[in-house]
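Start counting at 1 in the sequence shown, then tack on 7, and there's your number in the working numbering.
No lab work stands behind these hints: they were computed from the structure. Errors might be hidden in some of the hints.
DEER-style ranges, computed between Cβ atoms [unchecked claim]:
#, residue 1, residue 2, range
1, Arg-45, Lys-143, 19 to 25 Å
2, Arg-30, Lys-143, 26 to 32 Å
3, Asn-102, Lys-32, 35 to 41 Å
4, Ser-97, Glu-121, 27 to 33 Å
5, Ile-122, Arg-30, 36 to 42 Å
6, Arg-161, Leu-41, 23 to 29 Å
Keep in mind it's a predicted model, so treat the numbers as computed, not measured. In this text, a Cβ means the ideal position worked out from N, Cα and C, and glycines have one as well.
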Amino acid sequence: MATGAVVVLQYPELRVVETKVARGKLDFPYIPGLLSFRESPLTLAACQKLAITPDLILVDGQGIAHPRRLGLASHLGLWLNMPTIGCAKSILCGNHEALGNEPGSYAEMVDRGEIIGAVLRTKLGVKPIYVSIGHKVDLNTAIYWVMKCCHGYRLPEPTRLAHLAAGGNLKPERDLMVPKAGYQGGFLG
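Construct the complete structure from the given sequences, taking the supplied hints into account.
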């Protein structure tokens, strides 16, 4: 039994306003580059349970930073006809220059001469994440919103909390980041 989860946050507080999960059997094996066929049915089922329609969806997976330029974030955006951003923990294709150590530092990811995303440092002293266009956003907008949603963690709050919710481990008293007084979001260079 597998679980797909979606967590809707109110911006700029990043306060959870709705959480939905969908459980079911996975009918597609894990094959690198084909994650969408494995994970999208349960993720879509969780999204369809929402009472609130989000303005933007951050997805734990690739958008166009994919060998076929159609990763999980792009698939979900097309199916839902909504803006999506891919926020992956590892690179699937492409190369990039070195990036700085400061939060907000990024370098373009290039594959076969095409800019497909950005490697983005979201927190000092941690590995970067890989951001790409999913659907109905441009790369600068994707970088901007990912940084705005990273409050104290490497991963943006929507994907971090959805991962916890999918595992049945989301505990508001422990997991919800409350920004310090005066916090204005992440730095974007």
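Do the hints match the structure? See the list:
At roughly 24 Å, the beta-carbon separation of Arg-45 and Lys-143 lies within the given 19 to 25 Å, and the hint holds. The beta-carbon spacing between Arg-30 and Lys-143, approximately 29 Å, falls within the hinted interval of 26 to 32 Å. Asn-102 and Lys-32 have their C-beta atoms about 37 Å apart, which keeps the hinted 35 to 41 Å range intact. Ser-97 and Glu-121 have their C-beta atoms about 20 Å apart, which leaves the hinted 27 to 33 Å range violated.
Between Ile-122 and Arg-30 the CB atoms are about 38 Å apart, so this pair conforms to the stated range of 36 to 42 Å. Between Arg-161 and Leu-41 the beta carbon distance is about 25 Å. The supplied range of 23 to 29 Å therefore holds.
Consistency with the previously given hints fails for number 4 only.
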